[in-house]
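**Q** So the protein sequences, as listed, match chains A and B. All residue numbers for the first sequence refer to my numbering, where the first residue is 1 and numbers rise by one. All residue numbers for the second sequence refer to my numbering, where the first residue is 238 and numbers rise by one.
These are computed hints drawn from the structure, not numbers from a lab. Be careful, since some hints might not be right.
[To be verified] Only pairs whose alpha carbons sit at most 25 Å apart, straight line, appear in this in silico BS3-like list of lysine-lysine:
#1 K90(A) <-> K316(B)
#2 K428(B) <-> K90(A)
#3 K283(B) <-> K315(B)
#4 K90(A) <-> K390(B)
#5 K428(B) <-> K403(B)
#6 K90(A) <-> K315(B)
#7 K90(A) <-> K283(B)
#8 K283(B) <-> K404(B)
#9 K90(A) <-> K365(B)
[What the hints assert, rightly or not] Interface residues of chain A toward chain B, partial, derived using beta-carbon atoms under 7 Å:
#10 A49
#11 S66
#12 V75
#13 V76
#14 A80
#15 T83
#16 C84
#17 L87
#18 K90
#19 A91
#20 Y94
#21 G101
#22 I102
#23 P192
We treat Cβ as the ideally placed atom computed from N, Cα and C, and that holds for glycine.
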Amino acid sequence: MSEVTATDVVKNGLWTNNPALVQLLGLCPLLAVTGSVVNALGLGIATMAVLIGSNTIVSLIRRHVSDAVRLPAFVVIIAAFVTCAELLMKAFTYELYQILGIFIPLIVTNCAILGRAEAFASKNKVGLAALDGLMMGLGFLAVLVALGGIRELLGHGTLFADMHLLFGAGASTWVLRPFGENYSFLVFVLPPGAFLVTGLFIALKNMFDNIAKNRADAEREKVIKGAKRVRTTGHIS
Amino acid sequence: MILQSIRFNAILLAIFALITAIVLASTDALTRDRIAESEREAAQRKLLEIIPIERHNNDLLMDVQPIPERFWDSLGLKKGGNIHIARQDGLPVAAIIPTLTRDGYSGDIAMIIGINFDGTIAGVRVTKHRETPGLGDKVDLKKSNWILDFNGKSLVKPERVGWDVKKNGGVYDQFTGATITPRAVVHQIAKTLEYFSADIERLLAEAALVNQQAQNEITTQ
Chain A
1 MSEVTATDVV
11 KNGLWTNNPA
21 LVQLLGLCPL
31 LAVTGSVVNA
41 LGLGIATMAV
51 LIGSNTIVSL
61 IRRHVSDAVR
71 LPAFVVIIAA
81 FVTCAELLMK
91 AFTYELYQIL
101 GIFIPLIVTN
111 CAILGRAEAF
121 ASKNKVGLAA
131 LDGLMMGLGF
141 LAVLVALGGI
151 RELLGHGTLF
161 ADMHLLFGAG
171 ASTWVLRPFG
181 ENYSFLVFVL
191 PPGAFLVTGL
201 FIALKNMFDN
211 IAKNRADAER
221 EKVIKGAKRV
231 RTTGHIS
Chain B
238 MILQSIRFNA
248 ILLAIFALIT
258 AIVLASTDAL
268 TRDRIAESER
278 EAAQRKLLEI
288 IPIERHNNDL
298 LMDVQPIPER
308 FWDSLGLKKG
318 GNIHIARQDG
328 LPVAAIIPTL
338 TRDGYSGDIA
348 MIIGINFDGT
358 IAGVRVTKHR
368 ETPGLGDKVD
378 LKKSNWILDF
388 NGKSLVKPER
398 VGWDVKKNGG
408 VYDQFTGATI
418 TPRAVVHQIA
428 KTLEYFSADI
438 ERLLAEAALV
448 NQQAQNEITT
458 Q
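With the hints as constraints, model all of the structure from the sequences given.
**A** Laid out in structure tokens, this is it:
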């Protein structure tokens with residue numbers, strides 16, 4: 001494993017290797033709970049917390065666990081974190097816990113978490129592993145919330161509805177209704193809407209990446225053009 | 238050699254399992270009271286949804302009667318439960334009965350069913366379930382108004398055979414993609430109504446007794 005810098009980790013998690021848009025991991029919760037911002041935020045935060053915790057612990061014990069029992073040990077760690085997260089949500093955000101239902105325990109099966117433990121945390125120092133957990137979690141959370149926001153807006157015609165489930169009674173006034181009271185567009189509420197919007201996101205990300213790549217290529221050509229003025233005998237790359 | 242590595246790995250995993258168990262047990266111990274409190278608050282909100290404050294003037298959470306053990310089975314209760322009595326000026330208006338069905342699609346569905354003392358349903362709410370989001374969870378009022386269909390229904394309206402989903406010849410709608418969940422709920426509501434008609438005499442007698450005691454306390458004070 002070559003040297004990985006903190007900047008790489010941040011970039012990877014948020015953009016280049018985003019768990020939801022590039023690795024396409026954890027799509028089941030991604031598609032299922034993004035009906036509204038509050039649901040997406042709740043599951044996103046829970047997933048992020050589990051990712052940070054599991055990455056840290058896995059990195060801490062990486063030298064003490066033999067290959068034979070590595071995977072079961074990782075699964076036990078992840079399952080423990082998820083169960084803790086579930087109990088905490090049940091204690092402090094009971095109604096949100098009821099809405100998210102089965103998808104909280106199902107965080108265990110989110111491949112992004114075991115994937116990061118296996119591919120990154122088990123090979124890197126604790127600090128980097130924790131940062132990777134945070135960034136991958138943030139990348140996942142950002143996509144969840146964006147998806148939730150768009151689906152809530154287009155599907156129910158609201159934005160930030162029911163935020164009191166997460167932030168206490170004061171937050172129940174945060175709701176916006178840009179399209180008026182009786183707006184509803186069922187496709188975006190139902191699973192197909194999740195697929196449509198996710199597809200759109202991936203396409204947009206690829207579009208941005210292409211634009212950036214083309215621009216970088218153009219820059220490089222310019223440099224070569226200028227370099228020709230210098231008389232050299234070797235090959236300039 | 239192999240035995241040694243097996244032993245080593247087994248011990249390693251056992252240590253892991255042990256640490257995890259300790260962590261989980263302590264989290265559970267720390268959150269248990271808070272969870273119970275949250276459940277109680279949610280339950281109280283649900284009670285008030287079924288019997289709104291205009292219809293009663295007693296403390297629903299405090300005015301309770303334990304369910305006799307012989308009925309636990311038909312109500313699906315493992316550890317028993319309490320019936321909440323709603324009263325207007327001491328006179329019983331309705332009873333809110335906790336019940337649970339094990340026929341849900343994923344795990345138990347817990348409900349509370351408010352029944353007026355004339356035998357009609359005042360309201361039904363699902364308090365705890367793990368049904369599939371988007372399919373079975375429409376039994377929850379937050380997701381769909383389906384559960385309101387039961388308001389005003391009783392054992393004679395519809396008749397007993399009607400207490401099923403339409404697919405089985407009953408009068409209640411199932412959901413697209415989910416028959417098991419609504420069927421479980423419908424059946425359990427019917428069972429609860431049957432329990433109520435079997436136990437109504439005793440409930441009324443007890444309620445009157447409690448009321449009399451309360452009156453006596455006021456006069457002796």
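**Q** It remains to establish, for every hint, whether it holds in the given structure.
**A** Tested hints:
1. K90(A) <-> K316(B): Holds, because 21 Å separates the two Cα atoms, which is no more than 25 Å.
2. K428(B) <-> K90(A): With a Cα-Cα distance of about 30 Å, the restraint between K428(B) and K90(A) is violated, given a limit of 25 Å.
3. K283(B) <-> K315(B): holds (21 Å)
4. K90(A) <-> K390(B): violated (33 Å)
5. K428(B) <-> K403(B): Holds - the C-alpha atoms of K403(B) and K428(B) are around 18 Å apart, at most 25 Å.
6. K90(A) <-> K315(B): holds (22 Å)
7. K90(A) <-> K283(B): Given that 25 Å is the threshold and the Cα spacing comes to 17 Å, the pair holds.
8. K283(B) <-> K404(B): Roughly 30 Å separates the two Cα atoms, so the pair is violated.
9. K90(A) <-> K365(B): holds (12 Å)
10. A49: violated (13 Å)
11. S66: holds (6 Å)
12. V75: Violated: closest Cβ of chain B sits about 10 Å from V75(A), beyond 7 Å.
13. V76: holds (5 Å)
14. A80: This hint holds: A80(A) lies near chain B, its Cβ roughly 4 Å from the closest one there, short of 7 Å.
15. T83: holds (6 Å)
16. C84: holds (5 Å)
17. L87: Where the cut-off is 7 Å and the nearest Cβ of chain B is about 5 Å from L87(A), the hint holds.
18. K90: For K90(A), the interface hint holds, since the closest Cβ of chain B sits about 5 Å away, which is under 7 Å.
19. A91: holds (4 Å)
20. Y94: With a closest approach of 4 Å, the Y94(A) hint holds.
21. G101: Holds. Min distance 5 Å.
22. I102: With Cβ-Cβ at 5 Å, under 7 Å, it holds.
23. P192: violated (11 Å)
When each numbered hint is compared with the structure, violations occur for hints 2, 4, 8, 10, 12 and 23.
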